[in-house]
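Asker: Sequence:
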Amino acid sequence: MSAPEPTEPRVLFVGGLGRSGSTLLELLLAQSADVCAVGEVVHLWERALGADERCGCGERFSACPFWQRVGEHAFGGWSAVDRDDVLALKDRVDRTRHIPRLAKNSLSPEQLADVRRYADLYTRIYRAALAETGARVVVDSSKHASLAFALSWAEGLDLRVLHLVRDSRAVAYSWGKQVRRPEVVDGEDFMPTFSPFEVSKLWTAQNAAFHLLAARAQVLRLRYEDFTADPAGTVRRLREFAGLPDDPEALRILTSDDSGSARPTPRPDLEPSPPTAPFRAHSVAGNPLRFSGGPLTVRRDEAWRNRLPRRSRAVVSLATLPFRVRYGYLGQRGSDESVEKA
1 MSAPEPTEPR VLFVGGLGRS GSTLLELLLA QSADVCAVGE VVHLWERALG ADERCGCGER
61 FSACPFWQRV GEHAFGGWSA VDRDDVLALK DRVDRTRHIP RLAKNSLSPE QLADVRRYAD
121 LYTRIYRAAL AETGARVVVD SSKHASLAFA LSWAEGLDLR VLHLVRDSRA VAYSWGKQVR
181 RPEVVDGEDF MPTFSPFEVS KLWTAQNAAF HLLAARAQVL RLRYEDFTAD PAGTVRRLRE
241 FAGLPDDPEA LRILTSDDSG SARPTPRPDL EPSPPTAPFR AHSVAGNPLR FSGGPLTVRR
301 DEAWRNRLPR RSRAVVSLAT LPFRVRYGYL GQRGSDESVE KA
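Residue numbering for the sequence shown follows our numbering, beginning at 1 and increasing consecutively.
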């Protein structure tokens, strides 16, 4: 399926620290035909082109028809991309340490050339993905604030940023667990783990960066806890933010299970997904949830309340206090505005 190319591809960039529900949210949005979800494109150069890991559809990157068509459309084939050059460019542009420079109103000619060349790689991918699917919006759940800042300098890109926030204590608990990466084809690999103090630093830095980005791009803030409490309302708000119509069909994917939680109903457009599973996006990297073979239940995960050690909880609570207060996480389960303009 193809459609006329938009002059400015529109991307909904999901930003924040990992383990905040971005994969679940992305899969939920991708149930609608006017949304194309591509996963964490920031990892494409290493994990897809380099390691040939599995796409969310289940195929290796090199065997996925969608990604091969995207590569042909964007670059004349992935073989035309100098991966070593891209990784070197990424190191000069897409690192957290570069955010203070990227947040400025101007860059030196050399810096601007690097940033725009790097951003153009993503713009080409977004444009190709939209052309191949006929969608109107592409969702990139890369999360990295440095990439979002680089994209804010892009030419010919309609960038809309969703700043996804989750309680720092829940995030710390999740990053402490050992999680296998099913996308790895040869051998076994696991996602990295971080100590509570390391997570606290990362959580604070990433969230602070997206507050700063609001001066350069459209940014909408959403709490994970409010998304899970009202997935239908979240879908409506995000579709509006992405410039999509309020389509009742987009909400039919939400049904209720016996527990009262919402879950998407199947849309088996992709052959690798069994007919009993929800639609799988052609996603690069992300939570193992994207390989789920059963229904996706949208339900708040609060295991951390009982399983995060008291000492770890105290460390995270103190280290992230300023933003926890700002986001309404201090001493309550959350009762402030669910989605607010950044």
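I should point out that these hints are in silico values taken from the structure, not numbers from a laboratory.
Possibly wrong hints are sitting among the right ones.
[Stated by the list, open to error] Derived Cβ-Cβ restraints for the label pairs, each shown as a range:
1. R299 - P248: 21 to 27 Å
2. R307 - A51: 45 to 51 Å
3. P248 - S79: 30 to 36 Å
4. D91 - E198: 46 to 52 Å
5. L87 - L107: 17 to 23 Å
[Stated by the list, open to error] In the DMTMM-like style, the derived pairs of lysine to aspartate or glutamate whose C-alpha atoms are separated by at most 20 Å in a straight line are:
6. K104 - D84
7. K90 - D120
8. K90 - E110
9. K90 - E155
10. K104 - E155
11. K90 - E59
12. K90 - D114
Every residue gets a Cβ at the ideal spot worked out from N, C-alpha and C, and that includes glycine.
Asker: Each hint: holds or not?
Answerer: Hints, verified against the model:
1. R299 - P248: 21 to 27 Å: holds (23 Å)
2. R307 - A51: 45 to 51 Å: violated (32 Å)
3. P248 - S79: 30 to 36 Å: Once the Cβ atoms are compared, 44 Å apart, the range 30 to 36 Å for S79 and P248 is violated.
4. D91 - E198: 46 to 52 Å: violated (22 Å)
5. L87 - L107: 17 to 23 Å: holds (21 Å)
6. K104 - D84: violated (28 Å)
7. K90 - D120: holds (12 Å)
8. K90 - E110: holds (14 Å)
9. K90 - E155: Holds - the C-alpha atoms of E155 and K90 are around 18 Å apart, at most 20 Å.
10. K104 - E155: Holds, at roughly 17 Å.
11. K90 - E59: This hinted pair is violated, its Cα atoms lying about 26 Å apart.
12. K90 - D114: holds (9 Å)
Against the hints set out earlier in the document, violations occur for numbers 2, 3, 4, 6 and 11.
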